[in-house]
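Protein sequences appear in the order of chains H and F. When the first sequence is numbered by our numbering, its final residue is 571 and no position is left out of the sequence of numbers. When the second sequence is numbered by our numbering, its final residue is 571 and no position is left out of the sequence of numbers.
Keep in mind the hints are simulated off the structure, nothing from the lab. If you're wondering where the values come from, they're calculated on a predicted model, not measured in any experiment. Just so you know, not all the hints are guaranteed correct.
Any copy will do: because identical chains look the same in the list, a pair fits if it lies in one copy or spans two.
To be verified - Derived lysine-lysine pairs resembling DSSO-like cross-links, with alpha carbons at most 27 Å apart: (1) 568 <-> 519; (2) 503 <-> 202; (3) 252 <-> 519; (4) 568 <-> 340; (5) 568 <-> 304; (6) 340 <-> 519; (7) 344 <-> 568; (8) 519 <-> 344; (9) 204 <-> 432; (10) 519 <-> 304.
Number of protein chains: 2
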Amino acid sequence: MKLVYLNSLQCVWCGHEHQPSIKYKCDQCGGSLEVTYDYDSIFQNVSLDQMLGRREDTITAFRELLPICPDMKPVSLGEGWSPLQRASELEQRLEHQQIYTKNEAVNPTLSFKDRPLAVALSVAKQFNVSGVVTASTGNTGVAAAAYSAKAGIPCHIYVPKGTPKEKLAMMEVYGAIIDEVEGNFSDAYVVAGEEAEKKQWFNLTSTFLNPYAIEGDKTLAYELYLQYDGVPDWIVIPIGAGPLLVSCFKGFKELKRAGKISKLPRMVGVQAENCAPIVRAFQESRDHVQPWDKPDTIAGGIADPLTSYPEDGTRTLMTLYESKGYAVPVSDDNIRKYQKLLAQGEGIFAEPSSVTAVAAIESMKNDGALAEGESVVSVITGHGLKDLKSLL
Amino acid sequence: MKLVYLNSLQCVWCGHEHQPSIKYKCDQCGGSLEVTYDYDSIFQNVSLDQMLGRREDTITAFRELLPICPDMKPVSLGEGWSPLQRASELEQRLEHQQIYTKNEAVNPTLSFKDRPLAVALSVAKQFNVSGVVTASTGNTGVAAAAYSAKAGIPCHIYVPKGTPKEKLAMMEVYGAIIDEVEGNFSDAYVVAGEEAEKKQWFNLTSTFLNPYAIEGDKTLAYELYLQYDGVPDWIVIPIGAGPLLVSCFKGFKELKRAGKISKLPRMVGVQAENCAPIVRAFQESRDHVQPWDKPDTIAGGIADPLTSYPEDGTRTLMTLYESKGYAVPVSDDNIRKYQKLLAQGEGIFAEPSSVTAVAAIESMKNDGALAEGESVVSVITGHGLKDLKSLL
Chain H
180 MKLVYLNSLQ CVWCGHEHQP SIKYKCDQCG GSLEVTYDYD SIFQNVSLDQ
230 MLGRREDTIT AFRELLPICP DMKPVSLGEG WSPLQRASEL EQRLEHQQIY
280 TKNEAVNPTL SFKDRPLAVA LSVAKQFNVS GVVTASTGNT GVAAAAYSAK
330 AGIPCHIYVP KGTPKEKLAM MEVYGAIIDE VEGNFSDAYV VAGEEAEKKQ
380 WFNLTSTFLN PYAIEGDKTL AYELYLQYDG VPDWIVIPIG AGPLLVSCFK
430 GFKELKRAGK ISKLPRMVGV QAENCAPIVR AFQESRDHVQ PWDKPDTIAG
480 GIADPLTSYP EDGTRTLMTL YESKGYAVPV SDDNIRKYQK LLAQGEGIFA
530 EPSSVTAVAA IESMKNDGAL AEGESVVSVI TGHGLKDLKS LL
Chain F
180 MKLVYLNSLQ CVWCGHEHQP SIKYKCDQCG GSLEVTYDYD SIFQNVSLDQ
230 MLGRREDTIT AFRELLPICP DMKPVSLGEG WSPLQRASEL EQRLEHQQIY
280 TKNEAVNPTL SFKDRPLAVA LSVAKQFNVS GVVTASTGNT GVAAAAYSAK
330 AGIPCHIYVP KGTPKEKLAM MEVYGAIIDE VEGNFSDAYV VAGEEAEKKQ
380 WFNLTSTFLN PYAIEGDKTL AYELYLQYDG VPDWIVIPIG AGPLLVSCFK
430 GFKELKRAGK ISKLPRMVGV QAENCAPIVR AFQESRDHVQ PWDKPDTIAG
480 GIADPLTSYP EDGTRTLMTL YESKGYAVPV SDDNIRKYQK LLAQGEGIFA
530 EPSSVTAVAA IESMKNDGAL AEGESVVSVI TGHGLKDLKS LL
């Protein structure tokens with residue numbers, strides 16, 4: 180099988196191009212890589228309108244715009260097409276019309292991670308790897324375990340010692356092999372990388388490491404375009420390193436390139452105020468993100484200090500600038516407050532990290548960033564049930 | 180607002196017809212009620228093909244075939260369109276081609292109950308009730324709490340004393356009022372009924388009590404028709420009292436009436452072998468279901484002995500006969516075995532009750548009920564994460 184529509188893996192920093200293969204870093208400068216496409220060939224074979232009209236799972240519907248062979252059935256659990264809903268109660272409370280939620284908790288393993296992992300396991304099958312490996316403490320691990328099970332590929336997950344039993348049980352049920360690593364997530368990250376290297380297993384670890392996986396996040400843009408019937412003014416996304424935000428924006432740029440839309444949305448990155456390396460850099464108008472010293476927040480899913488890969492944060496920062504976007508820090512108190520408001524007003528039970536995307540709207544209004552009449556979509560990235568303990 | 184397409188609430192036992200209103204029992208004989216429609220009027224205004232072509236949530240897409248006013252926006256959290264997937268690993272293991280899963284865990288509150296509760300709360304708004312009430316220990320309670328929050332209607336849930344903290348937390352997060360009742364589910368059922376009567380609140384309790392709610396289950400049939408592109412030979416559904424099975428079959432009968440299909444699927448009801456009142460009646464070719472003495476199974480979601488409403492079981496039994504269907508008991512050991520197989524082979528983590536729909540296929544094959552070449556769809560009714568404790 181061949182990845183026929185792919186041009187290259189291009190370094191986002193120095194521009195050097197590589198043949199599509201299992202690769203995570205630029206040969207020249209060590210920078211992170213991005214999949215580039217031969218869009219003319221793609222749209223010669225299938226029009227964007229044809230793709231947008233398909234009713235299959237999102238990865239299958241948009242497979243020609245993803246690093247998936249045309250003659251391959253993608254590894255899918257039926258991900259995507261999560262609901263976009265008007266948030267009437269929030270609109271009243273915030274005295275702002277046109278607030279929407281895109282509820283990614285309605286996915287097979289209850290988070291947006293199903294998009295990149297469906298693509299990652301499809302690519303793993305194409306490359307005929309004998310196993311996949313990831314470091315994770317949460318959503319990525321659960322999604323990796325489930326999609327590996329569907330693909331019939333062994334999955335090895337490294338978790339930091341002390342990861343809650345519930346999360347381990349969720350990964351174990353799908354048959355993943357789990358190893359606890361002394362230390363924190365960064366230590367697990369290193370061990371996973373070493374194993375991937377040694378065994379030539381495919382490394383699915385989040386952040387921007389795997390250039391293929393994050394392409395799956397683009398499908399969020401295609402769906403939003405269809406469901407919103409156009410382009411919302413603002414899209415608010417909780418960010419750790421920020422691949423969802425960057426890839427969602429890439430998806431909109433592809434829609435613009437194909438002539439479907441003429442304007443682009445403005446992207447908003449949200450972080451917990453006690454772990455906000457990208458927000459801090461944005462607020463200080465810097466051109467590089469510095470790691471955060473001591474993360475301290477209940478929003479575990481985005482509590483990434485970017486210790487060993489601050490340049491991933493910089494990549495997200497550049498998208499914020501490019502999209503004329505914005506960045507917002509949210510306090511734990513506001514997360515607790517908005518978790519309740521979102522559940523009781525909109526019927527959506529979101530995990531603490533996800534709630535930041537809604538809490539941020541209040542700040543955007545207070546700061547004057549969000550003008551009257553502008554529409555805003557908050558992306559709810561994961562289900563609250565996965566972190567029920569924080570509630571009990 | 181008027182329920183313009185509704186003909187009546189008709190008694191399923193004596194045929195007596197009533198004006199659509201808040202009503203749970205036949206005035207003449209006390210039997211359970213069913214919504215009947217003026218199909219000619221419906222299809223004069225909108226064709227079935229038009230409905231099938233819509234991309235909205237399932238309740239909105241099929242609103243004209245539900246007890247929802249045409250000029251009302253249904254109460255929705257984006258339910259439905261759950262994935263239908265080929266189960267290749269199970270096919271190999273059971274040496275039978277054409278096995279599919281319809282994964283209802285991919286719904287906003289992680290179970291099929293989102294379908295009936297979306298309809299129930301839409302109807303509650305139409306009748307302008309001041310509150311809703313339900314007895315529940317599980318999926319119904321969580322869905323009722325979430326959809327009530329979205330509808331902005333107070334929700335009172337009666338649970339038996341000793342209901343696990345996790346399930347109470349899930350209902351509480353949406354702002355429902357929860358009261359523990361001394362005794363078991365039947366006691367909670369009685370108290371909920373009394374409160375509904377006294378306060379004139381809408382009673383959402385599962386089983387066949389609320390004639391409007393269960394109409395939402397028909398959407399499963401419309402989706403299956405579209406996703407399967409026709410009619411599968413067998414549809415396997417875990418049953419307590421069995422409203423999902425009965426309403427799904429009603430949906431297929433509507434499709435046949437509208438000329439979209441010429442044959443009907445054969446319906447299979449599955450129960451845990453230590454709480455199997457309907458299966459027992461089917462196996463003994465009886466025409467009435469008797470309550471079960473002492474339920475004893477890990478499949479909590481379908482462990483309904485039908486103590487105070489065995490006639491609800493009889494209604495389901497009649498559908499099994501009408502559809503030339505089948506009934507299967509499943510042991511707890513097989514539930515545990517298939518929970519693992521389903522997660523590790525297909526990437527689907529299902530609650531114990533749901534797993535019975537897959538385990539049943541083995542029995543159908545062994546009994547000679549399922550012939551070679553026949554297709555079978557197992558409906559996975561709820562997510563395993565809701566019952567993680569049984570795993571830990």
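Hints and how they fare:
1. 568 <-> 519: Classified as both: same-chain Cα gap 15 Å, cross-chain 25 Å, threshold 27 Å.
2. 503 <-> 202: Cα proximity of residue 503 and residue 202: none, with 31 Å in one copy and 56 Å across.
3. 252 <-> 519: between (41 Å within a copy, 25 Å between copies)
4. 568 <-> 340: both (18 Å within a copy, 21 Å between copies)
5. 568 <-> 304: neither (36 Å within a copy, 34 Å between copies)
6. 340 <-> 519: between (31 Å within a copy, 25 Å between copies)
7. 344 <-> 568: Result: close both inside a copy and across copies, 11 Å intra and 11 Å inter.
8. 519 <-> 344: both (25 Å within a copy, 18 Å between copies)
9. 204 <-> 432: Classified as within: same-chain Cα gap 24 Å, cross-chain 57 Å, threshold 27 Å.
10. 519 <-> 304: Close across copies (23 Å), not inside one copy (42 Å); limit 27 Å.
When the structure is compared with the earlier hints, violations turn up for hints 2 and 5 and for no others.
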